[in-house]
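Asker: The chain contents come next:
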Amino acid sequence: MPDELKMNNILVVDDSPTMRRMVITSLGSLRTVKSTQAGTGLEAIERLAIEPVDLMVLDLNMPDMHGMEVIDFVRRHQSYRNIPIVVLTTKGEEASRTKALEAGATSYLTKPFDPRQLADVVGSLLKTT
Amino acid sequence: MDKSTPDNSGEFFDQFLDDYYAECDEHLVLIRRALVTLEDEVDTATIDRAVLDNLFRSFHTLKGISGMVGLGAAEQLAHHLESYLRELREGSVVLNASGFESLAAGVSLLENVINARRNDQAIPSIGDMAARLQTATTSAPADTENNAAITRWQIEFTPTADLAARGVNVNSVRARLQEIGELKQAKPIVKGAGEIAFQFILSTNAGQTTLKSFEVDGLVFQAAEEDATAQKIRQPVATLAPSTVVRVDLDRLDELMRIIGELVISRTRLEDQLTELKRSTPPAVWRPLQETSFGIARQLRDLRESVMRVRMVPIGEVFERMTFVVRDLARENGKKILVQLSGGETEIDKFLVERMMEPLLHLVRNAVSHGIETVAEREAQGKQTEGLLSLSAMTAGERIVIKIADDGRGIDRDRVLERASARGLDTGNTQLDDAGLLDLISTPGLSTRDEADRASGRGVGMDVVKNAIEELGGHIWLATKLGEGTTFTIELPLTLAIAEALIVSVDGQRFAVPQSAVREVLEVESTSTNVLENNEIISYRGKVLPLLRLARVFEMNHELGDKFHVLVTGEESNAVGLAVDRIIGQREIVVRAIKDPLAQSKGIAGATELGDQRVVLILDISALRQLAVKSRH
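Chains A and B, in that order, are what the protein sequence lines are. Using my numbering, the letters of the first sequence map in sequence onto residues 1 to 129. Using my numbering, the letters of the second sequence map in sequence onto residues 130 to 762.
Please note that the accuracy of each hint is not assured.
[Stated by the list, open to error] Footprint (simulated), chain A over chain B, 3 or more residues, beta carbon under 8 Å:
| # | region |
| --- | --- |
| 1 | 296-307 |
| 2 | 376-386 |
[Said to hold, decoys possible] Listed next, with one range per pair, are the computed distances between beta-carbon atoms:
| # | chain 1 | residue 1 | chain 2 | residue 2 | range |
| --- | --- | --- | --- | --- | --- |
| 3 | A | Arg31 | B | Glu654 | 51 to 59 Å |
| 4 | A | Thr36 | B | Asp431 | 30 to 38 Å |
| 5 | B | Ser435 | A | Ser16 | 27 to 35 Å |
| 6 | B | Thr289 | A | Arg81 | 19 to 27 Å |
| 7 | B | Gln638 | A | Pro115 | 50 to 58 Å |
| 8 | A | Ser124 | B | Glu449 | 38 to 46 Å |
| 9 | B | Gln715 | A | Ser16 | 32 to 40 Å |
| 10 | A | Thr36 | B | Gln428 | 30 to 38 Å |
| 11 | B | Ala322 | A | Ser16 | 42 to 50 Å |
Worth flagging that the hints you see were computed from the coordinates, not collected in a lab. We put the beta carbon where it would ideally sit given N, CA and C, even for glycine.
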């Protein structure tokens, strides 16, 4: 691994602290990953502004700024538009899958999620970017 | 007094008094509505310009016409009101509470003056009011500051790692702002060099000093500007209406829909061009282009949905009209009928509602006249004396389902069959299922109005009903049981203009097939087809599926290859397979009617364009199915 020293910063955005912890723990299996968290959409965007972020795991239904708005904002921004975004949202809104992908989500997973699958998706996205 | 009315002309203008009063009434209505809107904007920095303009114009007109009819008091009062409005418009005074009250009081006095003249009563004095309005007009904006202490601020916060380390972040800033006022907006923005910042709009009565204390944390305050604060979308026309409802001619919406249709076609063209480019363009260049194209598609869909929503009206209005018809008919026929409505809030395209009115009326009339029995008959059969007619509507995906059900006598198959053969109609088999029965009673030859038919069942105008529904791209089903009742189920598209379609090809020519009509697509090998009594068939889900070769329908000299595709259409028992060479893809198409009678043809519902500017014909599946059924006999 040429870049084994490089730690990838994953921004985990979810309004539930428990869910954030679950995501972060799941990603723990990836060795080159560190994480940072945000509880609202606005906070997520603030994190982007103040530290480098390599990938975002994003909940959709959040108060004050919906995940879709976050995707929209990030994809429009010249510096952040290429950050992979893994949408992680509650099952039962299958219709939002297409919407999210069309809006620019890189991947779409539903909760309850399989920790290994999440780690796999995040890991492979980090490799390809 | 009557300075604008020349001597002796008073009598001449008297003949216009009725017109004058009528126009005054019109303007007073408009003025009162505008005042309602303005009341919400008292003490705010923003006043809807359009409202002021309209109000100004009304006063101006009232001034003019009052002068003409010699009603000097109204003329002067309108003049003062107009002057005050002018100042408001120019922003030299702020609309404060007392100003608004003067305005409102001025308007009601104006109304009194006009009414006094109309009723030949003493004209009230306007002196005090004129003075009051004059004061309001000349008062400096500074006078209003006490009342306008609540100010809107636009605040910008640029997050940095340093600030975050000190605990100053978007959440803490927002919380602090919420403490000192009402937060109207919080959103991320991008500054010149791509820097991220947050913009808040705050309504607060906090003084400058409080706000200054925030500045050490990197917050920048400025008085909110008109456009920055105008978060609610201003609708100048709507603000004048009492219920914020705008009446729009359907033609204008059609025009809007047409333009969106053009856009959809252009977008399709763009997508085709992008696909072309993909091979020769590096992904890094191509991907953003595709993303943008996706973005446009999304926005276009939103736009289309918004316009569609404007065209939608609740079907309840139609249902309510039906209840009147039922009531009258029931009284005429000596029947007792309870009408049950449900799903009246279901929305449907205005155009479809207009077209569905007659067919629905037919069905309702039939249900009342022929379906539901008289009180005596019902009692004899042990049924409730009151017949039940239920009208319901619901949406199912992109379609609306309307049900008209009665608990009457049901349709007597034997009598319909008897009737049909008496008229020399081919009734096919004698075991009529509901679909066959519907086809039969929808045969024009059967739709007569003689007594026997009336007694035997429906017949009346059913052909008209069925055709109207199918023309709209809909379907109708019948379920009837002798002695228990009849239910008609109608399914219609929510809107007509744009539809999802499969693009198929036959002999190199492309056709569009409305997706809603296709149940399944099969790939078939030519060796698996059989011929049975002159009909080509394949086996499908353990049953026999008659095939209709599109090439043959349109008399194209073309044979299918070894493998071809079959579109399965229609209900289980009536399924027909349309054989085509292949499926090219799925597209959003803009449906255009073919108006030229020379170009109209059975089996063709319209035409569309696919982006390469070539016209593609849209197949009329229900007509094609009828052709298939006919060729079977």
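Asker: A separate judgement is required for each hint: does it hold in the structure or not?
Answerer: Verification of the hints:
no.	hint	verdict
1	296-307	holds (count 4)
2	376-386	violated (count 0)
3	A:Arg31 x B:Glu654: 51 to 59 Å	53 Å, holds
4	A:Thr36 x B:Asp431: 30 to 38 Å	33 Å, holds
5	B:Ser435 x A:Ser16: 27 to 35 Å	33 Å, holds
6	B:Thr289 x A:Arg81: 19 to 27 Å	22 Å, holds
7	B:Gln638 x A:Pro115: 50 to 58 Å	53 Å, holds
8	A:Ser124 x B:Glu449: 38 to 46 Å	59 Å, violated
9	B:Gln715 x A:Ser16: 32 to 40 Å	38 Å, holds
10	A:Thr36 x B:Gln428: 30 to 38 Å	32 Å, holds
11	B:Ala322 x A:Ser16: 42 to 50 Å	35 Å, violated
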